[in-house]
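Q: With the hints as your guide, set chain B onto chain A.
In order, the protein sequences belong to chains A and B. The first sequence runs 1 to 1045 under full-length UniProt numbering. The second sequence runs 1 to 283 under full-length UniProt numbering.
Errors might be hidden in some of the hints.
Derived EDC-like pairs (lysine to aspartate or glutamate); straight-line CA-CA distance at most 16 Å [to be verified]:
1) B:K279 <-> A:E364
2) A:K419 <-> B:E149
3) B:K141 <-> B:E167
4) B:K196 <-> A:E452
5) B:K103 <-> B:E61
6) A:K370 <-> A:D333
7) B:K208 <-> B:E149
8) A:K387 <-> A:D286
9) B:K193 <-> A:E364
10) B:K25 <-> B:D36
11) B:K25 <-> B:D38
12) B:K264 <-> B:D237
13) B:K193 <-> A:E452
14) B:K196 <-> A:E450
15) A:K419 <-> B:D153
16) A:K419 <-> A:E402
17) A:K361 <-> B:D83
FYI, nobody ran anything at the bench for these hints, they're computed from the structure. Since we're looking at a predicted model, the values are computed, not measured.
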Amino acid sequence: MTTEASSETEVKENAEESAAQPDQSEKATRETQEVLNTEEEDKEKGKVKEKEGKGISRYLPTWLKKQKSLSQTSPTKETPPTEEPTSKVTEEEEVSAPEVNGHAEEAEEKEEVKSEPVKEKEVESNSNGSADTEPAKEEKLEESVQTTPEENKETTKEEDVAEEEKKGQEQETQAEAEVQEGDGQTSIFQSPFRLVRKPKMKVVVCHVTLLDGTDFSCEVEKRANGQYLFFKVCEHLNLLEKDYFGLTYKDTHDEKCWLDPMKEIKRQIRSNNWQFSFNVKFYPPDPSLLTEDITRYLLCLQLRDDVASGRLPCSFVTHALLGSYTLQAEFGDQEPDQPRPLDFISQQTFAPNQSKEMEEKILELHKSHKGMTPAQADIQFLENAKKLSMYGVDLHRAKDSEGVDIMLGVCANGLLVYKDRLRINRFAWPKILKISYKRNNFYIKIRPGETEQFESTVGFKLQNHRSAKRLWKVCVENHSFFRLNAPEPPTKARFLTLGSKFRYSGRTQAQTRMASSLIDRPAPNFERTSSKRISRSLDGAPVISITEAGRDMTENGHDPNLELQSDSKSQMRVHGDNIYVRHSNLMLEDHDKTQEEVLKHQASISQLKRSFMEAPPPSPPQPSQWEKRLTSSPASTIRVQQQQVSLEEEIASVLLSRHAGLSASEASCSIPDLTLGAAVTTSSAATPEPLELLLSTPPTLSSTEVSVPQMETASADNVISDTKEPAKTTEVEIEETVVIQEVSKATKAGNVTVTSNSPAGPPAEQESSEQKVRSDEEVVVVEEANQTRQESVSSESESEEEAEYHPNVTTSISNTQIPEEKEEEDKLEGEEEGEEMEPEVPAAPAPSLPAEISQPAEETPQEEEEPRKETEEGMKDEVEEKQGDPETEESTDDPMLTPDETPKSFVPPEVEEEEQEEPKVNGEASAVDAEPRPHGICCSELPVVKTEMVTISDTFAAQKTEIATKEVPIVHTETKTITYEAAQLDGNGEGEPGVLMTAQTITSESLCTTTTTHITKTLKGGLSETRIEKRIVITGDCDIDHDQS
Amino acid sequence: MAGLMAGFGHYTHAIVRGIPASLAKEALRTNQAEVDLDKARTEHDAYVQVLRTRLGLEVVELPADESLPDCVFVEDAAVVCGDTALITRPGAESRRRETEAMKEALTDLNMNIVEIADENATLDGGDVLFTGREFFVGLSKRTNQRGAEILADAFKDYAVSTVPVLEGLHLKSFCSMGGPGLIVIGSSDPAQKALKIMQQMSDHRYDKLTVPDDLAANCIYMNLPNKGHVLLHCTTDEFPESVKVFEKLKDHMLIPVSNLEKVKLDGALTCCSVLINKKKHNN
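Extracted from the complex, chain A is given alone in its bound form (with noise of 0.2 Å):
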């Protein structure tokens, strides 16, 4: 620890030293460390928290000697299990803890016992707690003593009071969203193993680069996950628009990787090399949106790097440019009396290339900044940064399929490919319906263009499979990031275990924008220095030290801390009036949570719900198969691959001889104007008979399965996520329909009950009456599809179809469900419901109201988790399939697919779905906070409000029908109306975002989450094609270019 720690500040180096040589005095350094602390914080809090920390001091004591002393013992047993240096620090921590455990079990059980789950807590929550500097302050009023010094000299602004409780509030979301990550930890503490593994709870200390060239070192719990650091690292630079930003590390090969923040830490990093850096990941097109300097001040810092080290070829005269602007934003106005002599530019480096004509040139340029403010001097360099050709594109090394070297290059638009410095090739996210990779192999597969029939696949050879992988990743996370107004749900263990799911799991652009918007904290003073002149970092260093000091006070005052830090906690909770706050904490929230509130909040209806997942209908587990085709085509195994293959082909054929009967059909279903339940079993029956072929159900079994996802579906938006769930059922159905005529038709007619209530357009309305009568049918169906879903991940093949509408169902039912769906669609849409999806969601972002928006917001935020979680397996699935099968790969197409789907099948259902799905997250969020007010964390909307959403959702997928929401809050109703012209705009322009402009009028800041699933089989035979997709659009408040595709 000490000598990790030395970098850090003398109060940290203190700390360490105390805890490294308990022997020495424990008291005493506890009291030099008070001692600092108060001082420290006398400067922020005042002397009252300093008695207070005093108090609680005295307190611990028992606690704090009794875990020194055991600390002190046991060092050597904690040491070597960790086998890591650095986690030396960390080990006493941890030992601390273990070894208190291990005494309070002997000599005071019941205390130890009591305080070991809260010391548990405690830790995380320190150890959270010290990634968030800010609520350290307030709740470790001991231990936090030392902390929050180290974070007042860190952070001047941590003076506003405001801005503490703003990062407390911060700190508490992210202390809650590791304590759900860390859920598993947790438990394990609490239960009786404690003893056993706490001595694995072992501390690690990480370093991380910055982007101003210092080093940040944070202690870390050795299974902590990715976002646990990340979120270290931003409290430790005050950095709230964090979604821009990720850690990398290098793999065995050296080769560079972003840590999952979804994943255990030691399980990304495998040379047991805690070395990170700290980088720009998503390079925002227009800087000028975000809201704060100082995340423009770090953006220019990995931009000066960039164009530095040449992976930003810039010509001359904008290096020249840009190296003003750096000087002027780091030492202001050239004084004209002191000319800056050539020698010290030169020291800095502003191009690869460097010549004293450009230094001259620069200085030159530099005059002409005069009076700019360092802020100002950052934008300007950013306005001429962005402009250029290769800012935000991510290259990579391929070879094309004739075995030409050229890049690949993954940005915020698509992908570009370069031979040399040439772009030869461009693929608008719209353009692509499918993302894959197997082995070496890297694979996208474009939509046809207007006079082609057939979407064509193009593949690119990558070094190895790790590069392939790289890439894919790199692709998913850019498009969900860049393309979607929510991520996709990572599929959860919980229900799909197969494989890996990899999604994108932080928040779109178009959630982060919302979650800026509503930042209210005083600009935080940073000091701007050249990432390469000065490498001490101003803030950092110190800042790092006073979080190790923290962390370790709080290790040894474990249980006043923990006490300290729940009350704290809570207060902070309370206290948290910052939306942004709350935002993030939903974001982070745990879906279980919130699955159970939302359940209990829709009592009635879970319990139906429940009486259906208990017996869930033969019918739902088709739609299960099927949505795991569709969403989870990737999650699929590779049994569920071939399955879905055999699936695929069987539906092929079914829809292959249905397709003209169904196509009539769909376009009748797909009109909303099929109010009659009649008609809906006309369409049923059309659409149902794939399925029953799947299924080897009758005909009227097929019929009736078709009523049953429209059920379901409106169930769905009876409850929370029943409006989701037939939404998805719709977009399913739709997908199908472009495919499978028969699938959509089913779907088309649950829209068309739906719309007995509202005609045509309104579909979505009709269904949400439709839901609402049927509520109790409906959710149980519903209920049993999710279940049916679940049951049948293991066997996905045998009802794709269904399983595409069940998920929708699913997710509505459970969190899990949706995930799935959502991954599903995540994949789809971030290929084929890119485009269409981008215009949804600026649509979506145009909500009027912002209390409205941030709801939705929030909502999105929750859905997006555990879609996100959903689709991750969804990608896992699609990547094993990729690898293992063929197959596998067209399932994985089939959400690319969805461009097809979409104008075959109505784009509204997908909105639906995605609305459902909100509901379902705010289902979810309301679970956890009921209340309204935190808009961007999570919503608390009632289930009420969720059926409202699902309800929206009928609309959409309704499209033109304005939203008949019952109850629906009209911040609901207004998203809904965004998503359906989103969906129109899938549906209509194949990818046209044109449609989607006029959506934009429509300023929804909910996010709506659509979810397309797409079956392709290819018959060598017949060179038939079949498709199943799934979208999920997730539309948020966030604001989405409808321009861009």
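A: Just chain B, lined up with the frame of chain A:
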């Protein structure tokens, strides 16, 4: 510094060159046609007068070189963007020496000169379409991939995308810029296909103005102080239907310029000048 990519269409200088007597007989042409040297010179004089008098540009007129029959088409000899001038390596062997005088003139204008040393590279300025945000380089009989790569190296700030030119001599034989974000494009299939490629390759959105005649799609856009949008385009005598399309541009100052003779030599309006935007502080 106005910054990157600011002021598309702002020009202060134009480089033109006289018509040698050898033009009539020896200039390269894709279609056999009789060229009236006097008419051609008259046309060219009118063209230069528009640039100099009507538009107020500072025109640098290079003397004709009888050994270079195509030397009037100066566009092919250099690509100028911002302060950087890329001296090309024309695809036609007989035109290589045209760049010498051009380089001299551009050097005199204090431009940053970039030359093509690679003998495998060919690049005609007529294949280079600069939209204000990026370059499109037509891969044609006169321009190859290597030439495009060198252009991309010379203008690192901009994306450089390649567009196959299936018909016509140059990329700009059927298209040009009609304003910021406005591409004037011919209505032929090859032209439309090229436009689609350009649209696909670009991160930016372009409006298009489709004119019935491919040759009419070559026009000269400028954005000049006190004049605003200026468009030099074909005359009614040449392409009456296309002129009707141009006349729909209400915000533009439309200046028809006759090009009846030079067009016989595949010379379009843009071919006869190199437009430069020199900041005053650059001398």
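Q: Against each hint, give a clear statement of whether it holds in the structure.
A: Outcome of the hint check:
1. B:K279 <-> A:E364: The given pair, whose Cα atoms are some 15 Å apart, holds under the 16 Å limit.
2. A:K419 <-> B:E149: Holds, at about 9 Å.
3. B:K141 <-> B:E167: At roughly 10 Å apart (the allowed maximum being 16 Å), B:E167 and B:K141 satisfy the hint.
4. B:K196 <-> A:E452: holds (14 Å)
5. B:K103 <-> B:E61: Judged against 16 Å, a Cα distance of about 13 Å means the pair holds.
6. A:K370 <-> A:D333: holds (5 Å)
7. B:K208 <-> B:E149: violated (27 Å)
8. A:K387 <-> A:D286: Holds, at about 9 Å.
9. B:K193 <-> A:E364: violated (46 Å)
10. B:K25 <-> B:D36: With a Cα-Cα distance of about 10 Å, the restraint between B:K25 and B:D36 holds, given a limit of 16 Å.
11. B:K25 <-> B:D38: holds (13 Å)
12. B:K264 <-> B:D237: The hint holds at about 15 Å.
13. B:K193 <-> A:E452: Between B:K193 and A:E452 the Cα gap is close to 14 Å, so the pair holds against 16 Å.
14. B:K196 <-> A:E450: holds (11 Å)
15. A:K419 <-> B:D153: Status holds; Cα separation ~12 Å.
16. A:K419 <-> A:E402: It holds: about 13 Å lies between the C-alpha atoms, which stays within 16 Å.
17. A:K361 <-> B:D83: Given pair A:K361, B:D83 holds - Cα atoms ~13 Å apart, limit 16 Å.
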